Amino acid sequence: MLTPKQNLLEVLNWGNPEYVPLTFEAMKIVGFLSNGPIESPTDKDGLDPFGVLWHVTSEGCIPDSSKFILEDITEWKEYIKFPDTDAIDLKPFAEAELKDFDSEQQMLTYYHPNGLFERLSAFMGFEECLISLVSEPEACMEFFEALADYKIACMKKIHKAYKPDIYVYLDDLATARGTFMSPQTYRDVIKPAHKRIVDACKELGMIFFQHTCGKCEDLLEDYVDIGIGVWSSAQIMNDLTGIQERFNGRMVIEGGWDTVGKCSQLGSSADEIRAETRRAINEYGPRKGFILQPTLLNERGNSLFVGDDRLAGLFEEWAMNCRIY
Amino acid sequence: MSKIIEVKEKVEAGKAKLVPGLVQEALNEGCSAPDILQAMVEAMDVVGNKFSSGEIFVPEMLVSARAMSKGVEVLKPILASSGSVSNGLCIMGTVAGDLHDIGKNLVTIMIESAGFDVIDLGVDVPITKFIETIKEHPEVKVLALSALLTTTMPSLRETVNGVRESGLTGFKILVGGAPITQAFADEIGADGYAPDAGSAAVKAKELIA
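These protein sequence lines are chains A and B, in that order. Just so we're aligned: the first sequence equals residues 9 to 333 in this note's numbering. Just so we're aligned: the second sequence equals residues 24 to 232 in this note's numbering.
In silico DSSO-like cross-links for lysine-lysine, where the CA-CA straight-line distance does not exceed 27 Å: (1) A:Lys210 - A:Lys296; (2) A:Lys99 - A:Lys168; (3) B:Lys40 - A:Lys85; (4) A:Lys171 - A:Lys99; (5) B:Lys164 - B:Lys99; (6) A:Lys75 - B:Lys152; (7) A:Lys52 - B:Lys152; (8) B:Lys73 - A:Lys223; (9) A:Lys199 - B:Lys73; (10) A:Lys75 - B:Lys93.
Source of the hints: derived by calculation from the structure; they are not laboratory data. Computed from a predicted model, the values in this text were never measured in an experiment.
Put together the whole structure using the sequences plus the hints.
Listed below in structure tokens is the structure:
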């Protein structure tokens with residue numbers, strides 16, 4: 009019988025898993041809520057190392073929309089001062105987060121938020137960022153290359169302190185109805201620096217997970233093209249079964265949960281959550297290359313971090329139904 | 024007249040640097056300010072439809088809106104002296120408990136581009152603030168409410184209920200946001216629902232027709 013870690017590795021390597029893995033059973037997630045020195049604060053409102061003011065909500069951090077630090081992308085060198093990564097020490101954060109980590113049972117998974125697009129949005133606001141992508145593409149590309157250097161330097165620090173098996177790069181490039189920018193704009197302006205981040209991750213021996221919420225299916229071929237083998241948060245507004253057929257053996261999907269449906273709304277019943285658990289396993293499990301990642305928010309935040317009485321039923325339902333291979 | 028057509032084309036193409044000069048040339052040609060404004064509104068209708076159909080994306084829509092905004096700046100002094108040609112006032116905000124401004128801002132831009140005056144109350148707006156603002160501006164035609172999270176859908180419902188219970192009338196309530204559907208909009212008693220920013224502008228005009 010495989011351990012959760014071994015089973016997940018079988019899924020990631022398109023081998024012979026024994027069952028559909030569940031994110032939180034097979035992975036120990038770190039970094040996201042560490043309140044470390046390289047990204048936005050996670051415990052209370054405050055400035056990140058670039059000087060961006062963030063608000064901490066129960067659903068996550070969000071930059072203050074009235075206090076952006078960059079107006080014109082062509083002036084980024086004047087206003088964006090990259091933190092000194094040599095001075096960053098993640099060891100205390102790693103020690104705190106790895107106390108109960110069992111490397112025999114789980115894969116250590118570091119969540120690194122604020123990818124290239126999200127970080128530029130945090131600097132200049134969403135509208136200015138998007139306008140810049142099409143009106144000043146050269147300046148954006150130059151900025152993204154510099155930001156990729158910073159992200160890679162941070163990644164090396166993360167690798168040194170945590171030694172993660174999996175590095176999750178978060179960059180939400182899509183709405184519920186489609187990508188924010190055209191796929192061609194992504195290709196021309198963001199993809200080259202994005203590829204460097206993927207390459208650097210692989211050179212460090214970590215498995216790269218690309219987290220992109222929303223309907224981003226038009227970017228997936230580009231993701232595979234730059235070496236991404238796992239797409240995370242795969243939400244159901246994308247044609248997930250079609251994607252599984254198209255990318256069979258090339259890209260694992262993690263997600264499959266109806267994040268806006270009845271099961272994800274406040275007050276959804278335990279039965280509705282159980283039914284969604286079964287649906288996701290039955291619909292996406294048989295093609296393999298699938299990791300179930302439920303996203304259940306409640307009044308206090310993400311239930312998997314803050315707890316929820318309904319989770320016991322979800323885990324039970326998963327355990328009863330996941331052994332389909 | 025030819026300059027008006029050019030203004031329209033350049034707004035569609037998002038040429039913010041060219042539009043103000045062309046608007047001035049159109050005025051010099053003898054075109055009226057309301058006619059030029061109408062041409063720009065029509066251009067943004069085209070842009071909104073292209074966005075809703077997936078032909079263009081948010082950045083292209085934004086650059087067109089910015090081009091129109093630059094043109095409107097030229098027209099503003101003239102429009103102010105000749106009386107308003109606005110479609111009316113829209114009060115906009117993201118409901119209490121929700122800090123997301125992206126969708127709300129895009130809708131604001133498109134509704135402004137459709138010829139409405141907009142008061143944007145920002146994010147995390149309490150029900151009382153919506154009610155106070157409506158009382159201060161009884162001429163309001165549309166109250167547009169945004170919620171991005173499944174966890175703030177109840178807040179959207181409470182806001183609609185709160186505004187209805189205040190007894191204030193004379194305006195329509197338009198709702199939207201990632202988890203919002205037509206069914207949910209109907210359930211909470213909104214007058215209209217729009218799935219994206221382009222559709223929101225169309226729906227706002229429908230609601231006041």
